[in-house]
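Chain residues, written in single-letter form:
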Amino acid sequence: MSRTTLATVTRAEFAKFRTARSYVIGLIVLVVLFIGMGILISGLQNVRVSDHHGGFTASEFDSTAFALIGYFFAQFAGGVIGALFVTSEFATGSIRTTLAAVPRRGLFVLAKAIVVTVVVGLASEIAAFVAFFAGTAIQPRSAFGATLPIASLSGHGVLRAVLMSGLYVTLLTLLGVGLGLIVRHTAGTISIFVGLIFIVPLISLALPTGWQQGLDKVLPSNLGQSMIAISQPANSFSAGPAALLLGAYAVGFLLVGYLLTNRRDV
Amino acid sequence: MIEISHLTKKFGDVAAVHDLTFSVQPGEVTGFLGPNGSGKTTTMRMILGLNRPTSGSATVNGKNYRELAAPLTEVGALLDAKALHPGRTARHHLRALALSNGISTSRVDEVLNIVGLSSVADKRAGDFSLGMSQRLGIAAAILGDPGILMFDEPVNGLDPEGIRWVREFFRFLASEGRTVLVSSHLMSEMQLTADRFIIIGRGRLITQGTQDELSVHVKSTVRVVTGDNNSLASLMTQRGWAIEHEGDGLHVTGGSARDIGALAFDHQIAVYELSPLNASLEEAFMELTAGEAQYTGKVQEA
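Protein chains in written order, with my numbering: chain A, 1 to 266; chain B, 1001 to 1302.
Same shape as in the complex, but just chain B (with noise of 0.2 angstroms):
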């Protein structure tokens, strides 16, 4: 279990982190969302004693990081997958990891096993490419068979079948009992993998939960295209619903579509088209962190 309490990292007079508390439960993935630079790789490098907090603390299973006996037996962690000697091929590079901590130097051709690399183990990692790196991370992380995991932006340069391993992979980590905290700016990622959510922007907690607890926050639209709009339009204006005009037809927010394909036929509206419209968690998550970006971009229009 990780456990976050009013942790706070201030550089220079910019806070990075402010007042965050959290846990990290066994057992689920949790899935540690917010845009690039809202605190998330800070709150994970104090988590493991990398950078030290201005005040709180965070700890794991109870203890402070720096108090482990063996770390890496205890927690796993992927940061930076770049983070390595680049002359040092895969498997000297894990066998001295598992040297400094005691861990038995055969699990090194297991991991890189489980992680699918061990035709390129006796390669320079300097030459991996990123995903190739990010699967040496991850055997890095599972070297000491640890109960708490952390993955910072895993998925950053995998193809789309490593993608999907690495979904199942910590979905059967957090299956075996382990504590899984993975870090991502793309909720549409996080929403297959994690069972709850640890939402910050600007450093600081937005909202945590369930994927069910934060679909409240969900706004699903349907769409609708009849032969009188206008009468329709009024009509479901006058039920609080929330009318939008797009194109030939509008967006209703409010009513599903069953509750507007029966009031149309009420009053004998012909309907040509009634269709909800796909809202997504990724959207709830752009709309609780907007304004939370501290950098966005602008498209010009033509």
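Looking at chain A on its own, in the form it has when it is part of the complex (with noise of 0.2 angstroms):
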């Protein structure tokens, strides 16, 4: 007797994004950005202790920053792939094909959820230590005869910082999604998942002091830095929290998506 269950609907979103160009295109898009990124701004740190005028001292140089620089540039493929994984369905329709076929709407968000979680999240992760690897590997060891401090995993916090840009990206990509069900739009979604992280920084400068110090602590982005920096920014969460309020970003976005999803005709 077929039944429709979280593992049955998982398994057909999981068939979904496998079969369609955009999404796949998506996650190369974000693992090319992730490792690439970091090793060009790895690389070119030899240009830059190369160049006399523009020297800088050991302590300046984060070796882990520069490697995972790609996880800034990657997080905008994750929100249009979470967005687009939701939105395309609005506009091609078929989101009545699919919630004809799974009307427990629940199960539909959580399964468009577990498949971008998984999926994203392996493919940031994978990213994110590839990028460390080759963007350490090239970096240059020494600068102005001083030696360099080149970051290695089983530096202090270093393999937090790696694991945590990957979570970045996934919970961002968690966040596209919410997003998504809310504005049923992809150009509507993307513009306000990249307001989040460009505008909102800007409007804070704006604010009084003590308002854009508790703005700015709680940005997405900042959570971001604070979740990868290997000792903690000044007005900034430590990594740990700063990722669980991420997490919270993520999970409110989706609630409010599934709540508008149950109440609204498609």
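It should be emphasised that the hints constitute simulated quantities derived from the structure, not laboratory data.
There may be inaccurate statements among the hints.
[What the hints assert, rightly or not] Just a few of them, taken from the derived set where beta-carbon distance is under 8 angstroms, the chain A residues facing chain B: (1) T19; (2) G93; (3) S94; (4) R96.
[What the hints assert, rightly or not] Keeping only pairs whose Cα atoms sit at most 25 angstroms apart, straight-line, the calculated DMTMM-like set for lysine to aspartate or glutamate is: (5) B:K1063 with B:E1028; (6) B:K1082 with B:D1159; (7) B:K1082 with A:D265; (8) B:K1063 with A:D265.
[What the hints assert, rightly or not] Computed Cβ-Cβ distance ranges for the label pairs, DEER-style: (9) B:D1145 with A:I114: 25 to 31 angstroms; (10) B:M1001 with A:L202: 55 to 61 angstroms; (11) A:G195 with B:S1055: 37 to 43 angstroms; (12) A:I114 with B:T1008: 35 to 41 angstroms; (13) A:G247 with B:E1067: 48 to 54 angstroms; (14) A:L215 with B:L1130: 37 to 43 angstroms; (15) B:K1123 with A:L202: 46 to 52 angstroms; (16) A:S204 with B:N1156: 51 to 57 angstroms; (17) B:L1130 with A:I28: 40 to 46 angstroms.
Since this is a predicted model, take the numbers as computed values, not measurements.
Every residue gets a Cβ at the ideal spot worked out from N, C-alpha and C, and that includes glycine.
Reassemble the complex: the two chains are provided individually, in unrelated frames, and hints are given to aid placement.
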């Protein structure tokens, strides 16, 4: 006797992810940006240390941050994948076929979230490790006679930073899924997503200092910096609480998305 | 069985469906008829739980659609043939649907074969013609071997061979004891397929019944041309038949060709032409829904 369960719906959503070119391309872009930008920025350090005018001290050289810089670019690919995975259903009208087959909206939302978490999560973590090893391998070893501190996984907080960079991209992708469920239109969803990362921090600049510090602390992009930092920046959470708060954002958006999907017509 | 009870759906102030009550029985093809914009699609969407009724209820097999354990095994529906991801192949589209309801994926090739799409199973569904998309939609509807089937304007885009196939297929599904609801805005199309009709206009039920029950609305007209139209016309008017002068003849409603022929013979009027005009259920439908059509065009006379 066939039944619609979380397992069957998740398998179906996974099959849908695999068989549409846009998501697979998105995933490739995510991995290429994550690894490629890490290699580019790490490689450019060699030019930087050979330039006498732009010299820097060893304490300014953040080996981990240079290697993992790609996370910042990969988050946009993640957001687009998450958004598209939902909004393309609305754009093509296939949402009606989907919800006629799976009328329980909770199963539908949960299955989408699980597929994105597993697929983007795996890809981001793998990309993070590759970026870290490749980036640190090509970073300059010394500058102006001083030895530069090249990070290794055994170093304090380094493994955590690598894992957290992949987690950040995954959580932002989930946020994209939630946003997509709320907005339903691809362009609108992606605009709001980008705004959340780039525009809100600019608005924060116009606020009184007290508010600004409060808002800055909880902005997704700053939570990302806290998650990946080896030493905690000023006015920020430490990595663990930052990850939890960002996770809460993702879950919050998904929950609102679910409640709206449950109520609205399609 | 599908049961609709006092179903109402308002979009803002506009009632797309208003206090609609009917049931669709197993073992026959039920035609769901109405002009464009009369609320057929909205009604079907409410049956599938896609749109929330403002009031009233729609149930399938006595349950709300959202309560079904494996919906595709109880209700199969084709609403919009083009409503699928264009980049996915026909096979992958059906496979995902089968997986979602725990239906064996071996069923995918079976239904592709039934609708005649086996040869294009691995082509992108976005490149399909409307007719091929309709076939794919029908394949999706029968995927779970459901006892209830709904098709919204399934004939659109099909070639004559496809139309004949669909007709016979719906009849076959009903003969197996399934409940089959087919919407259309063309009575002439449904006349050949459906056993029973539900006719709506502007979201309200106009009438329902079998073909025989509806045929009381059909006026049969006879064209007659005689040597003395005027005398015959006055004789027929005395009998209460309605007369219209059309060209060189008369169009008579109320009397049969036999009655008219006998009357003319009794009064020694030469009859040159006597022919029953093909009155159809289509015309009855047009008359019933006249004034109910939301969008009407006018032909400009030269």
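Which of the stated hints cannot be reconciled with the structure, identified by number in ascending sequence? 13, 14, 17
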